[in-house]
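Residue numbers (full-length UniProt numbering), protein chains in the order written: chain A, 1 to 323; chain B, 1 to 429.
Hints listed in this document are in silico derivations from the structure and should not be mistaken for laboratory results. Careful: at least some of the hints might be erroneous.
[As the list claims (entries may be wrong)] Facing chain B, a subset of chain A residues (Cβ under 8 angstroms, in silico):
no.	residue
1	D70
2	D221
3	N264
[Unchecked claim] Dumping the calculated DMTMM-like pairs for lysine to aspartate or glutamate here, alpha-carbon to alpha-carbon at most 20 angstroms:
no.	chain 1	residue 1	chain 2	residue 2
4	B	K192	A	E216
5	B	K424	A	D89
6	B	K198	A	D172
7	B	K137	B	E224
8	B	K198	A	E158
9	B	K324	B	D160
10	B	K91	A	E74
11	B	K421	A	D175
12	B	K424	A	D70
13	B	K424	B	D222
14	B	K190	B	D222
15	B	K198	A	D175
16	B	K91	A	D70
17	B	K342	B	E50
18	B	K292	B	E78
For each residue, glycine too, the CB sits at the ideal point set by N, CA and C.
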Amino acid sequence: MSLSATTARPSPAAPPSPDVSRRRRRGRLLNRLDVKYSPYLYIAPFFLIFGIFGLYPMLRTAWMSLHDWDMIGEHTFIGFDNYTRLLSDEYFWNALVNTFGIFALSTIPQLLLALFLANLLNRTFLRAKTFFRMAIFMPNVVSVAAVAIVFGMLFQREFGLFNWLLSFVGVDPVDWDGHRWSSWTAISSMVNWRWTGYNTLILLAGMQAIPKDLYEAAEIDGASPWRQFWQITLPMLKPTFIFVVILSTIGGMQLFTEPLLFGNGNIIGGNQREFQTLAMYMYEMGIVNLNSAGYGAAVAWAIFMIIIVVSLFNFLLVRRSAK
Amino acid sequence: MSVTTRRTRLAAAALAAITAISGLAACGKDDEKPAAGEKPAKLVVDTFGEMGYDELVKQYEKDTGIKVELRKTAQLGEYRPKLVRYLATGKGAADVTALEEGILNEFKPNARNWEDLAPLVGDHSKEYLPWKWELGKAPDGRLIGLPTDVGSLAVCYRKDLFQAAGLPTERDQVSALWPDWKGFHDAGLKYKQGSGGKAFIDSITAVSNGVLFQGNGDLFYDKEDNIIADTSPAVKNAWDTATSMADISAKASTWSPEWSGGFKQGTFAATFCPSWMLGIVSDNSGPANKGKWDVASVPGGGGNWGGSWLAVPAQSKYPKEAAKLAEYLTNAKSQVEAFKLKGPLPTNLEALKDQAFLGYTNEYFSNAPTGKIFGESVAKIQPIHLGPKHQAVKENALEPALRAFENGQADKAKAWEQFTKDAKTQGAF
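Kindly generate the complete structure, drawing on both the sequences and the hints.
Below you can see the structure in the form of structure tokens.
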């Protein structure tokens, strides 16, 4: 290391007394240890906690997924059999389709709306800005369970608010959890309600980091606000947008509480698994069914891989389109 | 320092961290069991819902000088994961653990997690309902559970709605309407006609629950625990009876918001009530509907929905004393006391003949003699072999398929196909 080179070696011409030299040597050693190793000590707490609560469970799950694992009984090593089974498991693919369906229905409108709202909140003419910024974040503070229970009531078949409203325009009551499209819509609406404000704030923060002089210059050149948005705001917002998209992807792939509570806590998500997500399927196989914990672990790893692939895909897509 | 050595060192550190962590996880194995005959200072009892042991436990403390800690969990949904964690990690379980029917069956294939109670307590096989006693045994013959209560079946019905639709309201006359399931369906059609097309029962899965337990042979598993869901005549019978009721059903599946709201709104006039359901019916209906409900007998005789056992986990340090405590909590006197306190139905034959039990009436349900009604229903329950994943097959294969048919998502043949296919995967163990 370059630092150690700066400390001059003692001159051989005037040897110091043995005592002083020992003390000095020890000081130098401590100094060197400090410089070399204390940074590791400072970052250690994170890695220690990550190791215990992140890495270890992941490796353990990987190990479990290679076994026929009964939660309260025998464990037999079966290699990659669980993964082979996964590929031909109809309900796994069903859960995958549901997850992506709900993900698309929640993420795309949500991000567009968030972009629109953030742009609005970024305008200089808006009064009571702080109030609006706070208000828009409020849904995110509410607990998921409360959101899911209230939305579950709104989407009830018999006494629900939405069916009541629909009755005014002559639409027959919808059995919200009886169809794919309706259950996906209901679940996505919960996600949208809860996360739009959050994404708006992040995008708003990104927008405020864009230098004002760019807009001033554009204004002088006679660019319309619409043009300014397309040519300045959006390109400059690219890194923030990537961040928001990846975060939404991770959240969307792990969707669990909303669909679970929407279906009255039934883990199979609808009479014909219309809205069982991957995370629910993992829970069904890994936790509810005691004897297929190994298979559940394989589902968990599949989700992990899918998140990585989708995030990479998103990353490339957003990066390319923004170029 | 070169890059490679730094990397190696980092890798080594990471490896050390992992070994340290797995070491942490591995250590802390159970302590040795204490010497036999040593008296425990404290025994722990795990229960769910309301089993009515509060007073009994105090009496036991007085009699034996052993402290008893009663750990109650309200919801079965929270209780089961806890038990699984205790068994999977080998620690944390109570000395005496209440096992609900579905949980017991699921745990049976791994019977070594539980103490064999037969050598620890006297032979009580003649003192309990025979089928209930038999269900407490694992396939390898060891006795893992002592019987607590049953969910004997009855029909709860709304007198005011019956009257408005021109049906009789007296409970004996109402019971006489449906000696069998055909009669029940006819009564439902009559109600529908008389009430201007209103639904009679909450859902067809409530019907299938009632029919399944009427003892027409093996259900989802045969005696050797092979899955026979697709060929079992008893299952087919329950399926046919349930699907025939679709025209009088409110399509409000049990526990859904439509269901709990339906009690107040009167969207259905009758439902199947295991004894423990009475409290849920009165809670959902609210004080405004007090005296409007009554209890009649179930079509086709008895039936059962739910019920529990007390077991001693093998990890208990005091299996002998724990077994004694379980024995005490399930004896005739205790079962009557528990019934008086919280209402779980006795399974002990002597308790079932007890006057305090037979003479009990329920104020909310128009003073119906629920002790007598449920007691009689209990006597008619037939012994049934359930098999390891009975609950999963019922909840995640049979009932979703029935609901899909009820809601018009699938025709009868398609729904049956869905059920038989799912029964195979859900029932695998």
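Hints, one by one, checked against the model:
| no. | hint | in the structure |
| --- | --- | --- |
| 1 | D70 | 7 angstroms, holds |
| 2 | D221 | 50 angstroms, violated |
| 3 | N264 | 5 angstroms, holds |
| 4 | B:K192 with A:E216 | 73 angstroms, violated |
| 5 | B:K424 with A:D89 | 13 angstroms, holds |
| 6 | B:K198 with A:D172 | 18 angstroms, holds |
| 7 | B:K137 with B:E224 | 14 angstroms, holds |
| 8 | B:K198 with A:E158 | 13 angstroms, holds |
| 9 | B:K324 with B:D160 | 49 angstroms, violated |
| 10 | B:K91 with A:E74 | 17 angstroms, holds |
| 11 | B:K421 with A:D175 | 25 angstroms, violated |
| 12 | B:K424 with A:D70 | 18 angstroms, holds |
| 13 | B:K424 with B:D222 | 14 angstroms, holds |
| 14 | B:K190 with B:D222 | 39 angstroms, violated |
| 15 | B:K198 with A:D175 | 18 angstroms, holds |
| 16 | B:K91 with A:D70 | 17 angstroms, holds |
| 17 | B:K342 with B:E50 | 6 angstroms, holds |
| 18 | B:K292 with B:E78 | 33 angstroms, violated |
Comparing the model with each earlier hint shows violations of hints 2, 4, 9, 11, 14, 18; every other hint is respected.
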